[in-house]
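A.B. asks: Letter by letter, the chains look like this.
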Amino acid sequence: MVMKYKKSFLWTAAIAYLITLLILPLNLRNNNEKILLETIQENIDAIYLNKIESNIVFELYSFLIDNSKLKIIISNKFDIQDLISFLYLKLKYFKETMENYYRNKGVELSIYFFDLSISEYSQNLLYNPILLNSKNLLKMNDIEGTLNIFLKVRISLHKGNIFLNRNLNLTILCPCRIFLLNRIILETIKSINQQITLLTQYNITDYNEIIEECEIIIYNTKEKIRNKYESRQIKIDISTKSEVKFIDGIYKIIFIMSMNTYDMCEAASILLNGKRLYPLIAEEYAWLILINGSIIEIH
Amino acid sequence: MISILDALAAFFITLIFLSFIYPVYYNSSELSFLIKSKHAYEIANRVLVLSYSLGYIEELKGKLVCNESLEGILNKIASICPKEYECEIFIKNFNDKIISKVGSIKKNFAIEQEIILFTNFEKYLLIVRVAW
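Chains as they are written, first to last, in our numbering: chain A, 1 to 299; chain B, 1 to 132.
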């Protein structure tokens with residue numbers, strides 16, 4: 001009986017030994033294949049994370065430009081702080097959309113935005129030509145007074161064993177010449193103000209004549225400014241209104257001028273409800289003219 | 001002489017031994033599938049990044065805002081895809097409704113890569129499917 005078990009043990013050992021010899025090279029090959037498969041899967045994950053990063057950077061670039069233009073068109077004001085607050089609000093929506101969507105795809109994504117600032121274009125700034133071309137801005141030649149957006153972005157991505165962390169400093173050229181539009185308004189108002197102030201030196205006693213003179217000054221100045229900027233696709237609209245009151249022998253004329261400057265460059269425009277809209281900066285300015293006999297006071 | 005009992009004992013002990021050392025076998029077709037998938041993912045990525053850098057995505061967004069036909073611009077995007085691969089490009093809204101689609105895939109295996117597109121008030125998904 002003992003012999004029988006001894007025999008069976010020997011046979012088992014022999015078979016096991018043979019099989020081990022046969023399996024060993026297979027096992028080694030298999031281990032290599034396992035490593036290869038894992039590496040390829042990690043490569044695929046890395047490609048996926050790179051795609052998400054490209055999606056974030058390109059969309060962010062476009063998103064900030066479009067929303068800046070939208071805000072300027074809606075508000076008609078030159079208010080940089082207001083624009084920054086609006087963009088931060090929009091960035092929150094951008095972050096939530098991206099993070100939620102990719103989280104559902106099995107990716108841990110965190111985007112942080114900070115140090116958003118806005119300035120005027122300067123020749124010392126460097127722009128990414130690929131990003132510029134993505135918005136067809138590479139051929140833009142008249143960029144004086146254009147809006148510049150700076151933003152720091154931190155992107156953290158994680159899928160499987162792959163991690164991707166990026167810190168980006170984005171310099172974004174927004175093709176909207178609001179600094180130029182604002183300068184044109186200031187230049188026009190300054191010029192009109194200087195000319196209207198000179199009216200005190202004339203001997204005018206009739207308020208109708210004063211209003212007429214003011215309107216002539218504004219018309220001439222508008223034409224001068226329009227000729228100067230028309231070739232640069234800047235449109236200027238000026239409207240005036242006046243109010244006359246006669247109190248205690250004194251004529252009080254309130255002369256109001258409303259000025260709109262538009263950037264008519266197509267790159268600056270947006271399409272809204274099928275309509276093409278252009279950025280506009282609007283400003284209102286008023287003069288108080290007092291006529292007391294032959295004395296004219298202008299405030 | 002080896003009895004049946006010997007043989008059975010040897011067989012079962014060998015089985016137990018094998019169960020310890022038996023490796024998980026990887027089919028080489030699985031490996032080949034993954035390698036091809038990787039290439040397809042790279043192609044889909046290239047199609048998307050080139051579409052951005054060539055300004056096609058900007059043109060696509062313009063047409064989405066204006067409710068214009070998207071076929072022309074989607075064909076432009078599809079033309080980036082190498083001829084050796086079958087490509088399908090489509091655009092969906094976030095309610096999963098396909099807005100426009102070009103190309104068709106006849107092969108069995110395809111991978112897809114998508115990007116989120118933001119317009120002034122909407123968001124969409126641009127999907128590139130690549131088959132081999």
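Do not take every clue at face value.
Pulled from the structure, derived: some chain A residues nowhere near chain B, Cβ distances all over 10 Å [said to hold, decoys possible]:
#1 121
#2 207
#3 271
Once the Cα atoms are required to be at most 27 Å apart in a straight line, the calculated DSSO-like pairs of lysine-lysine come out as [stated by the list, open to error]:
#4 A:95 with B:83
#5 A:139 with B:63
#6 B:38 with A:275
#7 A:159 with B:63
#8 A:34 with A:77
#9 A:34 with B:38
#10 A:77 with A:245
#11 A:224 with A:235
#12 A:92 with B:38
Stretch by stretch, here's where chain A covers chain B in the computed footprint (C-beta under 8 Å, at least three residues) [claimed, not checked]:
#13 30-42
#14 46-58
#15 82-92
#16 95-103
Honestly, the hints are just simulated from the structure, not real lab data. Note that the Cβ used here is the ideal one computed from N, Cα and C, for glycine as well.
A.B. asks: Residue 38 of chain B and residue 275 of chain A: Cα distance at most 27 Å?
C.D. replies: violated (44 Å)
A.B. asks: Verify this label for me: residue 121 of chain A is non-interface relative to chain B, using a Cβ-Cβ cutoff of 10 Å.
C.D. replies: The claim holds: residue 121 of chain A sits with its nearest Cβ about 20 Å from chain B, beyond 10 Å.
A.B. asks: Within a Cα-Cα threshold of 27 Å, do residue 224 of chain A and residue 235 of chain A meet the stated pairing?
C.D. replies: holds (12 Å)
A.B. asks: Go check the segment 30-42 of chain B versus chain A for me, would you? Three or more residues, Cβ under 8 Å, otherwise it fails.
C.D. replies: Since three or more residues must qualify, the claim that chain A covers the segment 30-42 of chain B holds, with 8 doing so at under 8 Å.
A.B. asks: Mind taking a look at whether chain A covers the segment 46-58 of chain B? Criterion is 3 or more residues with CB to CB distance under 8 Å.
C.D. replies: Coverage by chain A holds here, the residue count being 8 at a Cβ distance below 8 Å.
A.B. asks: Please confirm whether residue 207 of chain A is truly not at the interface, meaning its C-beta sits more than 10 Å away from all C-beta atoms of chain B.
C.D. replies: holds (48 Å)
A.B. asks: For the pair supplied as a hint, residue 34 of chain A and residue 38 of chain B, confirm whether the alpha-carbon distance does not exceed 27 Å.
C.D. replies: OK: residue 34 of chain A and residue 38 of chain B at ~16 Å, within 27 Å.
A.B. asks: Is the hinted pair residue 139 of chain A and residue 63 of chain B satisfied, with a Cα-Cα distance of at most 27 Å?
C.D. replies: Given that 27 Å is the threshold and the Cα spacing comes to 21 Å, the pair holds.
A.B. asks: Can we trust that residue 271 of chain A is non-interface, i.e. its beta-carbon lies farther than 10 Å from all of chain B?
C.D. replies: Its Cβ does come within 10 Å of chain B, the nearest being 5 Å, so this is violated.
A.B. asks: Does the structure keep residue 34 of chain A and residue 77 of chain A at a Cα separation of 27 Å or less?
C.D. replies: violated (62 Å)
A.B. asks: At a Cβ distance under 8 Å, does chain A reach at least three residues of the segment 95-103 of chain B?
C.D. replies: violated (count 0)
A.B. asks: Count the residues of the segment 82-92 of chain B whose CB lies closer than 8 Å to any CB of chain A, then report whether that count reaches three.
C.D. replies: This one is violated; 0 residues, fewer than the three required, reach chain A with a Cβ under 8 Å.
In the structure shown, a violation is registered for the earlier hints numbered 3, 4, 6, 7, 8, 10, 12, 15, 16, in ascending order.
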